[in-house]
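Novice: Okay, here's what each chain looks like letter by letter:
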Amino acid sequence: MSSPLMRLAVSCVRGWTRLYTWRMPPASRQTRRAEIESDVWESQSDAAGDHVLGSALHILLRLLIGIPDDLGWRAEQAAKAGTLTQRSIALSARVAGAALFVCALWVIDADAGRRRPATAAAGPAAVVDQEIEEIMAMRAGNVALPAGRRLPLLTAGIVATVGGSMLPQLAAQLPPIPGNGPAFEVLSIKPTPTGLAGPTQNQIQPGGRFTATDTPVRLIIGQQQAAILIDDFESGTLANWSINRNGAGGWFVYANGHTPPEPSRSDPNVPFSVPDPPQGKFAAVTDMNGPGTRILYREVRLNGRYMLHVTVFYVNAGEFGSPETLAYDINETNQQFRIDLVGTSAPVDSLAQGDVLANVFHTSPGDPDRREPADVTFDLSRWQGQTVRLRLASVDNRGPLRVGVDSIRLEPIAR
Amino acid sequence: VRRKPGQLVPLETAICVCAANLRRNGTLEFHGYEIAKRLGNENNRRLLTAYGTLYRALGRLEAMGLLQSRWEDPQIPARENRPGRRMYTLTAAGKTAAQEARKAAREPMPKRAARRPVPA
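As they're listed, the protein sequences go chains A and B. Going by the numbering used here, the first residue of the first sequence is number 2, and it counts up by one from there. Going by the numbering used here, the first residue of the second sequence is number 56, and it counts up by one from there.
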């Protein structure tokens with residue numbers, strides 16, 4: 002995908018998909034985005050070696066023609082969820098209007114292109130020859146040249162129409178904030194050095210919001226932070242995660258606590274039986290039919306002070322043992338599940354002191370064989386402003402240790 | 056195309072027939088782009104079904120119980136360095152729908168009554 006034209010087409014598809022799935026329930030949103038991403042990748046891969054312009058136009062056309070269905074699908078989903086409001090209907094109508102306008106542009110331009118040879122036929126012989134060449138090229142299946150001429154008009158049309166008509170509507174859906182400065186939440190108010198209450202203190206109360214201007218009071222303020230969902234696995238995939246495994250088994254997404262996600266890789270002697278996903282339809286779990294090490298990890302940027310929340314559960318068929326290694330092929334018992342915060346440059350399976358920044362959760366010898374889903378929390382504010390790696394590692398060499406996680410999120414910590 | 060209750064729209068029928076053809080050729084599962092490509096080939100069209108149209112139709116077919124879907128094992132796309140695919144399978148109800156569609160296509164169209172010559 003080195004061509005800028007192809008990049009533009011793919012960006013249009015991604016941008017549009019993000020737009021029409023915006024503020025949808027995470028499951029529907031992530032599923033649709035992942036599906037479109039896969040389709041776009043496949044079509045690019047399939048078109049490798051084809052004419053770039055033709056392939057890019059093909060992607061754009063598939064996008065444009067599908068817009069009414071995208072909007073219809075969005076409306077269906079909203080109706081199902083009971084969130085179809087008058088404002089969303091108005092927004093959909095604006096988008097549909099924009100799409101129609103773009104289609105009209107396309108038709109007008111295509112029509113203009115079709116009439117050109119007939120007009121030119123009356124002109125000088127050289128022009129007629131050129132037109133004949135173009136027609137012959139089109140009949141041979143090479144339609145790239147005329148399409149290339151239309152591209153700037155189309156691109157301008159799409160950008161101007163969709164952007165112009167939608168941005169004000171999208172902005173209108175954000176919570177209203179007076180003024181133009183950054184928004185702050187008032188956490189507490191201290192008196193001025195004189196001890197006298199200033200007039201503004203009566204107007205701004207803790208818990209309220211205001212916009213930074215020349216406010217003549219001393220305030221302890223914290224920039225507003227929202228909770229960040231790292232993953233609840235409702236996409237039905239482990240997209241955005243990396244997996245490192247040794248031996249048997251792996252990490253999977255599952256929907257039913259009594260149905261192994263991949264039966265061929267599940268130990269039939271100790272049937273898969275874990276709690277159902279504690280939140281939503283899906284959660285992540287390890288399953289195996291032999292000893293192994295399974296590591297699920299991803300990097301997390303901490304732009305503020307956050308508390309990590311993870312719903313953790315497990316079912317263990319052996320006895321826990323926690324040597325200082327994640328290798329399963331050792332003589333002693335290694336039967337453990339641990340969640341660590343690791344440096345981004347550390348080897349993914351390292352337990353060295355310099356590599357592991359903090360341990361969030363770990364099993365220990367003597368722990369019960371089964372843990373029902375329960376929240377584990379950990380204060381990450383020490384790593385504010387840094388990128389860290391969240392690593393979930395499970396090792397077993399004394400029988401299946403099936404571990405699961407769900408609803409991994411960062412909750413802001415108030416100062 | 057306006058949907059009549061209990062009936063499939065032409066695209067949905069075409070997807071079922073195409074999936075049944077794939078099944079006969081030994082491909083039990085297919086992903087969105089694959090079915091779009093097949094539909095394009097069968098109808099001799101270069102332009103594939105639009106993203107929105109295709110995935111909305113696949114979603115409807117799944118809701119009707121004619122298709123089933125699952126996301127492939129994440130290790131496969133990780134190994135092949137590509138996004139994960141949502142794999143669809145034609146269900147027994149989907150096979151029946153495809154058979155009925157084939158049967159309907161084979162049946163001759165009802166003959167139109169011959170036009171009466173207008174007297175001069």
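Check the hints yourself; a few may be wrong.
[Unchecked claim] Far from chain A, by Cβ distances over 12 angstroms, these chain B residues were calculated: (1) ASN76; (2) HIS86; (3) ARG101; (4) GLY107; (5) THR108; (6) LEU109; (7) ARG111; (8) GLY120; (9) ASP128; (10) ARG134; (11) ASN136; (12) ARG141; (13) LYS158; (14) ALA159; (15) ALA160; (16) GLU162.
[Unchecked claim] Listed next, the in silico DSBU-like pairs over lysine-lysine satisfying Cα-Cα at most 30 angstroms (straight line): (17) LYS158/B with LYS92/B; (18) LYS81/A with LYS158/B; (19) LYS282/A with LYS158/B; (20) LYS92/B with LYS150/B; (21) LYS81/A with LYS282/A.
[As the list claims (entries may be wrong)] In silico negatives: residues of chain B with every beta carbon more than 10 angstroms from chain A: (22) ALA75; (23) GLY87; (24) GLU97; (25) ASN99; (26) LEU102; (27) LEU103; (28) THR146; (29) ALA148; (30) ARG157.
Just so you know, the hints here were simulated from the structure itself, not pulled from any lab data. Keep in mind the model is a prediction, meaning the values are calculated, not measured. All residues carry an ideal CB built from backbone N, CA and C; glycine is no exception.
Novice: Decide, hint by hint, whether the structure agrees.
Specialist: Hint check results:
No Cβ of chain A comes within 12 angstroms of the Cβ of ASN76/B; the nearest lies about 19 angstroms off, and the non-interface call holds. With a least CB separation of 7 angstroms from chain A, HIS86/B falls inside the 12 angstroms interface cut-off, contrary to its annotation. Remark: the non-interface label on ARG101/B conflicts with the geometry, its nearest Cβ contact in chain A lying 8 angstroms away (cut-off 12 angstroms). Non-interface call for GLY107/B relative to chain A: violated, since the shortest CB-CB distance, roughly 3 angstroms, does not exceed 12 angstroms.
THR108/B, annotated as away from the interface, has a beta carbon of chain A within 12 angstroms; the closest lies near 4 angstroms. Interface exclusion of LEU109/B from chain A breaks down, the closest Cβ pair being 7 angstroms apart, not more than 12 angstroms. For ARG111/B, the non-interface assignment is contradicted: its Cβ lies about 5 angstroms from the closest Cβ of chain A, within the 12 angstroms cut-off. Chain A leaves GLY120/B outside its interface by the beta-carbon criterion, the shortest separation being 17 angstroms against a cut-off of 12 angstroms.
Its beta-carbon lying about 6 angstroms from the closest one in chain A, ASP128/B breaks the requirement of being farther than 12 angstroms from that chain. Distance to chain A contradicts ARG134/B as a non-interface residue, since its nearest Cβ pair spans about 10 angstroms, not more than 12 angstroms. Once the 12 angstroms rule is applied to beta carbons, ASN136/B is inconsistent with being away from chain A; the minimum gap is 10 angstroms. With a least CB separation of 5 angstroms from chain A, ARG141/B falls inside the 12 angstroms interface cut-off, contrary to its annotation.
With a least CB separation of 28 angstroms from chain A, LYS158/B remains clear of the 12 angstroms interface cut-off, as annotated. Residue-level check passed: ALA159/B sits 25 angstroms from the nearest beta carbon of chain A, beyond 12 angstroms. Distance check for ALA160/B against chain A: the nearest CB is about 25 angstroms away, which clears 12 angstroms, and the non-interface claim stands. Distance check on GLU162/B: its Cβ is at least 30 angstroms (rounded) from any Cβ of chain A, clearing the 12 angstroms threshold; non-interface status holds.
A C-alpha spacing of about 24 angstroms is found between LYS158/B and LYS92/B, which places the hinted pair at or below 30 angstroms, so the restraint holds. Pair hint LYS81/A plus LYS158/B does not hold up; C-alpha atoms about 35 angstroms apart against a cutoff of 30 angstroms. As the CA atoms of LYS282/A and LYS158/B are separated by approximately 39 angstroms, the hinted pair breaks the 30 angstroms bound. At most 30 angstroms may separate the alpha-carbon atoms for a hinted pair to count; LYS92/B and LYS150/B meet this at roughly 20 angstroms.
For the given pair, LYS81/A sits about 17 angstroms from LYS282/A by alpha-carbon distance, which is consistent with the 30 angstroms threshold. Non-interface call for ALA75/B relative to chain A: holds, since the shortest CB-CB distance, roughly 22 angstroms, exceeds 10 angstroms. Not every C-beta of chain A lies more than 10 angstroms from that of GLY87/B, the closest at about 5 angstroms, which undercuts listing it as non-interface. For GLU97/B, the requirement that its beta carbon stay farther than 10 angstroms from each beta carbon of chain A is met, with the minimum near 17 angstroms.
With a closest Cβ-Cβ approach of about 13 angstroms to chain A, ASN99/B is found to remain outside the 10 angstroms limit, as its non-interface label requires. With a minimum CB-CB distance of about 6 angstroms to chain A, LEU102/B fails to clear the 10 angstroms threshold, and the non-interface call is violated. A beta-carbon of chain A comes within 10 angstroms of the beta-carbon of LEU103/B; the shortest separation is about 6 angstroms. Listed as a non-interface residue, THR146/B keeps its Cβ farther than 10 angstroms from every Cβ of chain A; the least gap is roughly 17 angstroms.
For ALA148/B, the shortest C-beta to C-beta distance to chain A comes to about 21 angstroms, beyond the 10 angstroms cut-off, and the non-interface label holds. The non-interface label for ARG157/B is consistent with chain A: the shortest C-beta to C-beta separation is roughly 26 angstroms, beyond 10 angstroms.
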